[in-house]
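Keeping their order, the protein sequence lines are chains A and B. When you line the first sequence up against numbering that gives the first Met the number 0, it's residues 0 to 127, in that order. When you line the second sequence up against numbering that gives the first Met the number 0, it's residues 0 to 222, in that order.
Warning: the hint list may mix true and false statements.
As the list claims (entries may be wrong) - Calculated cross-link-like contacts (lysine to aspartate or glutamate; reagent style EDC-like; alpha-carbon spacing at most 20 Å): (1) A:Lys121 - A:Glu111; (2) A:Lys33 - A:Glu111; (3) B:Lys132 - A:Asp110; (4) A:Lys33 - B:Glu78; (5) B:Lys80 - A:Asp67; (6) B:Lys80 - A:Glu109; (7) B:Lys132 - A:Glu108; (8) B:Lys80 - A:Glu111; (9) A:Lys121 - A:Asp110; (10) B:Lys80 - A:Asp63; (11) A:Lys33 - A:Asp119; (12) A:Lys116 - A:Asp102; (13) A:Lys33 - A:Asp110; (14) A:Lys33 - A:Glu109; (15) B:Lys132 - A:Asp67; (16) A:Lys66 - B:Glu128; (17) A:Lys33 - B:Glu128; (18) A:Lys33 - A:Asp102; (19) A:Lys121 - A:Glu109.
As the list claims (entries may be wrong) - Some, not all, of what chain B presents toward chain A, calculated at C-beta under 8 Å: (20) Ala28; (21) Ala35; (22) Tyr36; (23) Met43; (24) Asp51; (25) Ile92; (26) Val101; (27) Val104; (28) Gly111; (29) Pro113; (30) Val121; (31) Leu126; (32) Ser129; (33) Leu169.
These aren't lab readings, by the way, just hints derived from the structure by calculation. Note that the structure is a prediction, hence the values are computed from the model and not measured. Even for Gly, the Cβ is constructed at its ideal location relative to N, Cα and C.
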Amino acid sequence: MSSLIATHWNYLVVVALMLIGLYIVMSRQNLVKKLIGLAIFQTALFLLYISLGRISGGTAPIIDATKDYTYSNPLPHVLILTAIVVGVATTALGLALILRINDAFGTIEEDEILAAKDADRKAHGGDE
Amino acid sequence: MSIVMINIFLVTMMVVIAVMVLRTRRLFAAIVMTGAYSLISAAMFVNLDAVDVAFTEAAVGAGISTVLLLAAMARLPAEEKPFKRNQIGPIIIVAIVGILLVTAVTALPPFGAPDAPVHTHVGPRYLAESYSKLHIPNAVTTVLASYRGFDTLGETIVIFAAGLGVVLLLAGHTKTASAPKTPVSKQPVVASTKKTAKKKAKKSAKKSSAKKQHVKAKKGGAS
Chain A
0 MSSLIATHWN
10 YLVVVALMLI
20 GLYIVMSRQN
30 LVKKLIGLAI
40 FQTALFLLYI
50 SLGRISGGTA
60 PIIDATKDYT
70 YSNPLPHVLI
80 LTAIVVGVAT
90 TALGLALILR
100 INDAFGTIEE
110 DEILAAKDAD
120 RKAHGGDE
Chain B
0 MSIVMINIFL
10 VTMMVVIAVM
20 VLRTRRLFAA
30 IVMTGAYSLI
40 SAAMFVNLDA
50 VDVAFTEAAV
60 GAGISTVLLL
70 AAMARLPAEE
80 KPFKRNQIGP
90 IIIVAIVGIL
100 LVTAVTALPP
110 FGAPDAPVHT
120 HVGPRYLAES
130 YSKLHIPNAV
140 TTVLASYRGF
150 DTLGETIVIF
160 AAGLGVVLLL
170 AGHTKTASAP
180 KTPVSKQPVV
190 ASTKKTAKKK
200 AKKSAKKSSA
210 KKQHVKAKKG
220 GAS
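With the rest of the complex left out, here is chain A (with noise of 0.2 Å):
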């Protein structure tokens, strides 16, 4: 077991904030730190995959062809470079739709939005 914790320590604590991550987007009302949770998770997925292309004893992958020395994976890094900028992109529009639904709403906690929903809907039943 405690070989297991000095050879995947890394992947281990990538587990332990991906967890924290969902736990925020899960269980909190508030839209916005459902967000920031969000982006907790997925910072806790770049580390999974970078922590996967290292390789002990390499270097960044800058290649100098003069000299022999070990590089890192360079695809989980090409791959992440995209996945933080779409990140944000999600980031914008879920902040977008949050600044939409506070002006709908007057309000971005998640159960008093549902509230208004429900009351809204009670009320336009009772007209029909």
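Position chain B against the provided structure of chain A, taking the given hints into account.
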């Protein structure tokens, strides 16, 4: 060995910050802590040999994300409301996901193993031939722009769609208001790559529409 110690210190700080974000109810504090979390993860990426990822994370993840969140907070309540709700559901789901993830993660090859399956597929080919074929020293650049160029094209489409979505969502109710454009000088200095430039455009669009909203509110109050 010292690098391992630094890594352990950094990930400990990341876990502490994540727990603090979980516990705080002040959203401004949570946002700034998320920025710090991103920045520490960028330092972690440097230690893990991913320098390109590190500066993108520092500029985009820690910089632009934080600015976007803070800009949105100008129009949102600053404090999370206290709530009394049964947390047993989320805890059970998180526990199940945690067990599954730990099982999966411990089945991975040891951290840093050079013979892991990740390193025996296309990675070695990229490293071996990218410099001799394309004469760009940075293998990440080569893979991003050449070998996986269509990925990057797809990424720009995603960003375009998201930017369009933001503009459409926020432009709907600012048609009547006229406001001065947000001065560019107010924006934070970040690495001016193509991506960040696009982000800046989107952010300024967002900022200006936020400003317009304020102006509109003021006008409404005056009349």
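> Which numbered hints are broken by the structure, listed smallest first?
Replying inline: Numbers 3, 5, 7, 10, 11, 17, 20, 21 - these are the hints that the structure violates, sorted from lowest upward.
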